[in-house]
Amino acid sequence: MKERDFKIYRGDDERGELVNYKCNVSEGMVVLDVIHRIQADQANDLACRWNCKAGKCGSCSVEINGKPRLACMTRMNELDDNETVVITPLKSFPVMKDIVSDVSWNYEQNQKIKPFSPSKKDTEKDFVMMQKDVDRVQHFRKCIECYLCQNMCHVIRDNEGKDKFAGPRYMTRLASLEMHPMDNADRIEDVKDLHGSGMCNITRCCTEVCPEEIQITDDAIIPLKERVVDRFYDPIMMLFRKLFGKKKETTN
Amino acid sequence: MILTLGEFSMLDISGIKRLQFDVLVIGAGGAGLSAAISASQEEGIRVGLVCKSLLGKAHTVMAEGGMAAALGNVDDRDDWKIHFRDTMRGGKMLNNWKMAEIHARNAPERVRELEHWGAVFDRTRDGLINQRNFGGHRYPRLAHVGDRTGLEMIRTLQDHGIHQGIDIQMECTALDILKDKSGKVSGIVSMYRETGEFIVFETKTLIFATGGAGKSWEVTSNSWEYTGDGYGMAYEAGAELIDMEFNQFHPTGMVWPPSVKGILVTEGVRGEGGILKNSEGKRFMFDYIPEKFANETADTEEEAARWLKGDKSARRPPELLTRDVVARAINTEVKAGRGSVHGGAYLDIATQRSAEDIKRKLPSMYHQFKILAELDITKEAMEVGPTCHYFMGGIKVDAETSMTNIDGLFACGEAAGGMHGANRLGGNSLSDLLVFGNLSGVEAAKYAKKLKSIPKSDDEDIKRIIKSATSILNREKGNNPYLIHEDLQKNMQYNVGIIRTKDEIADGIERIEKMKEEFKEVKAPGTSQFNPGWHEALALRNLLISSEAVAKSALLREESRGAHTREDFPTERKEWLEYNIINKKGTGGEMETVKVKRSEPDNELKRIASSSIEDLEKEVKLDHQK
Chain A
770 MKERDFKIYR
780 GDDERGELVN
790 YKCNVSEGMV
800 VLDVIHRIQA
810 DQANDLACRW
820 NCKAGKCGSC
830 SVEINGKPRL
840 ACMTRMNELD
850 DNETVVITPL
860 KSFPVMKDIV
870 SDVSWNYEQN
880 QKIKPFSPSK
890 KDTEKDFVMM
900 QKDVDRVQHF
910 RKCIECYLCQ
920 NMCHVIRDNE
930 GKDKFAGPRY
940 MTRLASLEMH
950 PMDNADRIED
960 VKDLHGSGMC
970 NITRCCTEVC
980 PEEIQITDDA
990 IIPLKERVVD
1000 RFYDPIMMLF
1010 RKLFGKKKET
1020 TN
Chain B
335 MILTLGEFSM
345 LDISGIKRLQ
355 FDVLVIGAGG
365 AGLSAAISAS
375 QEEGIRVGLV
385 CKSLLGKAHT
395 VMAEGGMAAA
405 LGNVDDRDDW
415 KIHFRDTMRG
425 GKMLNNWKMA
435 EIHARNAPER
445 VRELEHWGAV
455 FDRTRDGLIN
465 QRNFGGHRYP
475 RLAHVGDRTG
485 LEMIRTLQDH
495 GIHQGIDIQM
505 ECTALDILKD
515 KSGKVSGIVS
525 MYRETGEFIV
535 FETKTLIFAT
545 GGAGKSWEVT
555 SNSWEYTGDG
565 YGMAYEAGAE
575 LIDMEFNQFH
585 PTGMVWPPSV
595 KGILVTEGVR
605 GEGGILKNSE
615 GKRFMFDYIP
625 EKFANETADT
635 EEEAARWLKG
645 DKSARRPPEL
655 LTRDVVARAI
665 NTEVKAGRGS
675 VHGGAYLDIA
685 TQRSAEDIKR
695 KLPSMYHQFK
705 ILAELDITKE
715 AMEVGPTCHY
725 FMGGIKVDAE
735 TSMTNIDGLF
745 ACGEAAGGMH
755 GANRLGGNSL
765 SDLLVFGNLS
775 GVEAAKYAKK
785 LKSIPKSDDE
795 DIKRIIKSAT
805 SILNREKGNN
815 PYLIHEDLQK
825 NMQYNVGIIR
835 TKDEIADGIE
845 RIEKMKEEFK
855 EVKAPGTSQF
865 NPGWHEALAL
875 RNLLISSEAV
885 AKSALLREES
895 RGAHTREDFP
905 TERKEWLEYN
915 IINKKGTGGE
925 METVKVKRSE
935 PDNELKRIAS
945 SSIEDLEKEV
955 KLDHQK
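Which chain is which? The protein sequence lines are A and B, in order.
Residues in the first sequence are numbered from 770 upward in steps of one, following our numbering.
Residues in the second sequence are numbered from 335 upward in steps of one, following our numbering.
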């Protein structure tokens, strides 16, 4: 058991400050445990979001010493022994209160995505899909919607970028739908125009912070960009489509 | 209307926000989302969905192992009849017969529907939904996605649900039910967590998909949301709570380090071949095979090993006995001094499967132990022990409509009681959420269509509910809600835990009475804006009601059955099979706990449940040939 120093943001989007707290830390504790201890003993009204406490729900996203992390999966012993631990809300979204952010913008992006659309014929019987054909889709579907990637994306950090780009989380979701063997919708035009795939310039910041280690840039965004290029900027493909009609690309 | 602190005797609610619905679902986990989706398919029905957290974060996300459905993709001998028989035997025959039948018959269709909505399950070699073994299930029956099936389920329902015209209210806590003069549901008063603003939802029906009350115990796999809100609100409104003494302690929760104590370790570890050992290195589950299951359980390590390799003539390893049996066995080993370093048992998958298999089939377990316990499960054994996991009991509903004894109030999922009897089989929860979520949505829509207009609520009731919530903020000083909650958790853990006796339970009840008094003077400092202290205090009432119902039912049931273990009555007693225990609010305001005679089961269901497995397998084979 050791007493450690913490600074936690208290306030809302307009005004607030870092407040000092001290808390005893014992073996195995994660940052979320510290927040709960402080909440119970010293600051009953300290706002914080959490649910599963095991890295599965993606609720407790905050910035710890400036880095976007899940508070429940950040062990105190990973942080330097004597440093003051600074806990602040996600930077890219408005602060609701203390370390809770208003992430509703993300839900709006999700709403714009064309949902999974199998053919009527396919839903009349059991889907037959081979494991190797769904491995990639399952990899994307590990996403816990913690929005750490959204928070880290420099396009979204810039407020105007929010109008132009849905962000890495939704590129991943779009990729999971586009690569689903039974899906029949065509989202490539949306990927380019509505969801703004061109805004991403592949700095890979999103991939680095993903707690599920999803290869967001390489496996989702780049393939989507390639499909956009094939559709809209490749003269041979354009001619091919003129001659043989518009067809959805096969999955890889 | 944001209520500022101050004078409430003159509470004016004329400016309060009101929204109208035909069907309003409280809770947005697997059951709530399923209910909202199915209700929304009915033309002209306005559906709302209220969630305490953000959408997609409900506790369903934590479910790991899978959903049970007799699809027969891995073993074509499977059938609803065998699933039904397994469920009844697992529930020690106390299950609501009709619910268990509806569940087993409908689960396959619901799982397929989920796949058609976009869920991507692991596949068999033929490209069908793969199914895994689990405790108490005769065949590989659990459709799954690695060990993150709950996430797959909630995300699929969420992404499908947002396109069904459902009005979703996030981070909104329901406070209490409103009824009209005739006693019909007319609405519910709620509060937005962010602002503390109150809102009245006026509705013809309410579906409670509010989960259980696992936060009543100290060691629990449940998150903060699991405070028995549905039980508390329904009870206050006059609904009955059934089977509340049956609380499932999942045998395998993490035990070390202390801060993660209780976090779930999926039964999938054992389903994939994991074995349990004590400090002497002995595989102890062979010593705990109940007579009832002896015929169907391997009695040597050699046979268990053959089963793991897929030998269909071999019987299942004893690690896959039902959860109540395994949890008690671990408890006994630890008490006898043969526990692991930190007071659990060793769960070893490292010596049973290759590192590659473990990472592929159990990725989130690998990740969870690596980060939270700094342990590599492909190399070392995990330490595990029982953790409070699930309420078999809950709000009493009609099996075929999911409606409670209050007109217009429905319940489904963990919030409803009866389906699982004295013990739930792993994997039967996710399928329950889909089957009864769907059913309650259909039935609520049907009921709503019959009402011309929304029943009228009484403004005085609205005022009373708001006043009781704001008084927690307004009082000058008072008791810390967090500390009362911690006391309650300790009390339940110690006095109404996995092994129970009369004296301890009675002591537990007495302490709950004291806490109820302390609760009357609970105080949350700060304002009404996103104030966890206030939220904690609001949840406390429901935790206390749930805990009282658990303790009183546990005291009354003088036998051991399934998850309810009485040290002073260590065996099942035949006469108790004839009764359920019901809790309801008495006329004087006190909780009444009574035995109620169960109705006679349908003869055909009785025959199936009590058939020998050999006979039933023969029968199913004939059925399948037809």
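Calculated from the structure, these hints are not laboratory results.
Treat each hint with caution, since some may be false.
Some, not all, of what chain B presents toward chain A, calculated at C-beta under 7 Å [unchecked claim]:
#	residue
1	Glu449
2	His450
3	Tyr526
4	Glu528
5	Gly572
6	Tyr700
7	Gln702
8	Ile705
9	Gly812
10	Pro859
11	Gly860
12	Gln863
13	Gly867
So these bits of chain A aren't anywhere near chain B, every CB distance computed over 12 Å [as the list claims (entries may be wrong)]:
#	residue
14	Asp810
15	Ile833
16	Lys883
17	Lys894
18	Asp902
19	Ile913
20	Arg973
21	Lys994
22	Phe1013
Below, computed lysine-lysine pairings styled on DSS-like, alpha-carbon distance capped at 25 Å [stated by the list, open to error]:
#	chain 1	residue 1	chain 2	residue 2
23	B	Lys515	A	Lys911
24	A	Lys931	A	Lys881
25	B	Lys797	B	Lys857
26	A	Lys883	A	Lys961
27	B	Lys801	B	Lys713
28	B	Lys595	A	Lys901
29	B	Lys595	A	Lys791
30	B	Lys646	B	Lys952
31	A	Lys894	B	Lys919
32	A	Lys776	A	Lys791
33	B	Lys784	B	Lys515
34	B	Lys704	A	Lys836
35	B	Lys811	B	Lys857
36	B	Lys790	A	Lys771
37	B	Lys801	B	Lys836
38	A	Lys860	A	Lys771
39	A	Lys894	B	Lys960
40	A	Lys836	A	Lys883
Ideal Cβ positions, reconstructed from N, Cα and C, are used throughout, including at glycine.
Tested hints:
1. Glu449: Holds, about 6 Å.
2. His450: Where the cut-off is 7 Å and the nearest Cβ of chain A is about 5 Å from B/His450, the hint holds.
3. Tyr526: At 11 Å from the nearest chain A Cβ, B/Tyr526 fails the 7 Å test, so the hint is violated.
4. Glu528: holds (6 Å)
5. Gly572: At about 31 Å, which exceeds the 7 Å cut-off, the nearest Cβ of chain A leaves the hint on B/Gly572 violated.
6. Tyr700: Because about 12 Å separates B/Tyr700 from the closest Cβ in chain A, which is outside the 7 Å limit, the hint is violated.
7. Gln702: holds (6 Å)
8. Ile705: holds (5 Å)
9. Gly812: violated (11 Å)
10. Pro859: holds (5 Å)
11. Gly860: It holds, given that the least Cβ distance between B/Gly860 and chain A is near 3 Å, below 7 Å.
12. Gln863: holds (6 Å)
13. Gly867: holds (3 Å)
14. Asp810: Non-interface label on A/Asp810 violated, nearest chain B Cβ at 8 Å vs cutoff 12 Å.
15. Ile833: holds (14 Å)
16. Lys883: violated (9 Å)
17. Lys894: Given a closest Cβ separation of 9 Å, the condition is violated.
18. Asp902: violated (8 Å)
19. Ile913: The claim is violated: A/Ile913 sits with its nearest Cβ about 7 Å from chain B, within 12 Å.
20. Arg973: Holds, since 21 Å exceeds 12 Å.
21. Lys994: holds (23 Å)
22. Phe1013: holds (28 Å)
23. B/Lys515 x A/Lys911: This hinted pair is violated, its Cα atoms lying about 49 Å apart.
24. A/Lys931 x A/Lys881: OK: A/Lys931 and A/Lys881 at ~14 Å, within 25 Å.
25. B/Lys797 x B/Lys857: Holds - the C-alpha atoms of B/Lys857 and B/Lys797 are around 20 Å apart, at most 25 Å.
26. A/Lys883 x A/Lys961: holds (14 Å)
27. B/Lys801 x B/Lys713: It is violated: about 57 Å lies between the C-alpha atoms, which goes past 25 Å.
28. B/Lys595 x A/Lys901: violated (37 Å)
29. B/Lys595 x A/Lys791: Distance ~23 Å between B/Lys595 and A/Lys791 Cα, so the pair holds.
30. B/Lys646 x B/Lys952: holds (16 Å)
31. A/Lys894 x B/Lys919: Not satisfied, since the Cα-Cα distance of roughly 49 Å exceeds 25 Å.
32. A/Lys776 x A/Lys791: With a Cα-Cα distance of about 9 Å, the restraint between A/Lys776 and A/Lys791 holds, given a limit of 25 Å.
33. B/Lys784 x B/Lys515: Distance ~18 Å between B/Lys784 and B/Lys515 Cα, so the pair holds.
34. B/Lys704 x A/Lys836: The hint holds at about 21 Å.
35. B/Lys811 x B/Lys857: holds (6 Å)
36. B/Lys790 x A/Lys771: violated (58 Å)
37. B/Lys801 x B/Lys836: Status violated; Cα separation ~38 Å.
38. A/Lys860 x A/Lys771: Violated - the C-alpha atoms of A/Lys771 and A/Lys860 are around 30 Å apart, more than 25 Å.
39. A/Lys894 x B/Lys960: holds (20 Å)
40. A/Lys836 x A/Lys883: violated (33 Å)
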